[in-house]
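Asker: Each chain, written out:
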Amino acid sequence: MSRRPLLSAQDLEFGFGPRRVLKRLSLDLRQGEALALFGPNGSGKTTLLRVLATLLRPSGGEVFLEGVPLSRKSDRPRVLRRIGFLSHQTMLYERLTGRENLLFYARMYGVAQPDLRCTELFEAVELNGREDDPVAEYSRGMQQRLALARALVHDPELLLLDEPFSGLDPRATRHLGTLLADLAGRGKTILFTSHDLETGLGAAHRIAILSGGSLAYDAPREGLSLEVLTRTYSALAGRVA
Amino acid sequence: MVPRSAALTICAKDLRQELRTRESFTSAFFFALLVQVVFSFAFDFQSLGLGFEEVGAGVVWITLTFSSILSLQNSFLIEREKNCLAALALCPCDPSAVFLGKLLANFLFVLAVQAPILPISALFFGYDLSGVLPGLCLVVTVNAAGFSALGTLFSAVSVRTRRSELLLPLLLLPAATPVVIWGVKATRLCLAGRALGAYGTLVALSACFGAVFIVAGILLFDYVLEE
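First to last, the protein sequences are chains D and L. So that you can map any letter, position 115 of the first sequence is 1584 in my numbering, and since no number is skipped, the others follow by simple counting. So that you can map any letter, position 149 of the second sequence is 151 in my numbering, and since no number is skipped, the others follow by simple counting.
Any given hint could turn out to be false.
Partial list, computed: chain L residues near chain D (C-beta under 7 Å) [stated by the list, open to error]:
no.	residue
1	T11
2	K15
3	T23
4	K84
5	D130
No lab work stands behind these hints: they were computed from the structure. The beta-carbon is built from N, C-alpha and C at its ideal position, and this holds for glycine as well.
Isolated chain D, as found in the complex (with noise of 0.2 Å):
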């Protein structure tokens, strides 16, 4: 894992009308580490991420991507290419097939060799033999899947991931988060949301509770059992998750 930060968020400001949903907040991603991002529900997580993947701007604050800001407007395509985004919504099309919703996204991101990245995908997300069914046929586990090889497409350095676990079986969640194990392993920043304590403890380097729009809690991993998070957790946001 690097020492420099990727990805330096400074005193990030957001609100929806009078409601501020983010509050200075501050965070900083190494190279290579996985963040898992913990809170309740309408503590911001989901706002914070897309404010990071650049789809909102904010108010206040800046977001720096090694240095350059995401909000230079020069900058944005080269931004890009280097974040890959998973929302709760999957943002595939239903009426074509998972083939063809990769090369799609292959092809918007200038993808050298599309049709032999999207192979490699659909065997790393365990979806190989349902290549040319429609999204629309597919399970939730399996779109979810889709949507994550979706944002592997491009192969991007940093990965923000809303809650990737969701709608996964037992099995699918062993093998994201094997998954993204070894994507930290390759040098890939992952930041990911999660509401299961113990999926997000085992794939991360490093943790982090958001309550009330700024970060309440921010520690490594090493050392810091389910136990010990569980209690934190209740403590700083109110509930056991």
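Assemble chain L onto chain D, guided by the hints.
Answerer: The following block gives chain L in isolation, referenced to the frame of chain D:
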């Protein structure tokens, strides 16, 4: 990614989806067909001494305008379904490429709906189109381009609203009035067998109208894609 390549990728994706389901085409085509049937049975134009030359332009453009709205509406609704619009906004291409890709797909949809409607309309009214077909194709194509440019922009603007299906016609119809009026006038002159010189100015005006909204879409689409 170069805008042209991204635009063609988006257009191909939209056409593939439409070919698979034929949702937009089927609803727009059957609506257009229904309007033709209603007009031909409801009004006895021949007893009033009116031929297709007099009423055809109005009938054709009422059909084309409303059936086009049906296909334009679906253009961005398919992007809203699973928040694919956000995924498009995150693609490293110029936002104008998204607009141009959508515009091209919409233009082809509108033409695909219009192509069978013209002969069907003439058939209902017993009119031979063969003599006026090149001029009529020119008028319809140019006006369809202008209508599609405006419709694509407004479809994108309205898609994030709760009542986008209602908002699109409310925005589009008043703004498209000039291009529809020019289309009706040019079509009437064309059906009357007049030479291109007689309606060339109207076609040029429609082309300028389309060009203005294509440029507006290219310049503004960055803001339209923003959440």
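Asker: Hints first: check each against the structure and report whether it holds.
Answerer: To see whether the hints hold, each was checked on the structure:
1. The closest approach between the C-beta of T11 (chain L) and any C-beta of chain D is roughly 5 Å, which is under the 7 Å cut-off, so the hint is satisfied.
2. Of the supplied interface hints, the one on K15 (chain L) holds, with its beta-carbon coming within about 5 Å of a beta-carbon of chain D, less than 7 Å.
3. Because the closest C-beta pair between T23 (chain L) and chain D is about 5 Å apart, less than 7 Å, the hint holds.
4. Hint status for K84 (chain L): holds, given a least beta-carbon distance of 5 Å to chain D, under 7 Å.
5. For D130 (chain L), the interface hint is violated, since its Cβ never comes within 7 Å of a Cβ in chain D; the closest pair sits about 40 Å apart.
The earlier numbered hint that this structure contradicts is number 5, and it is the only one.
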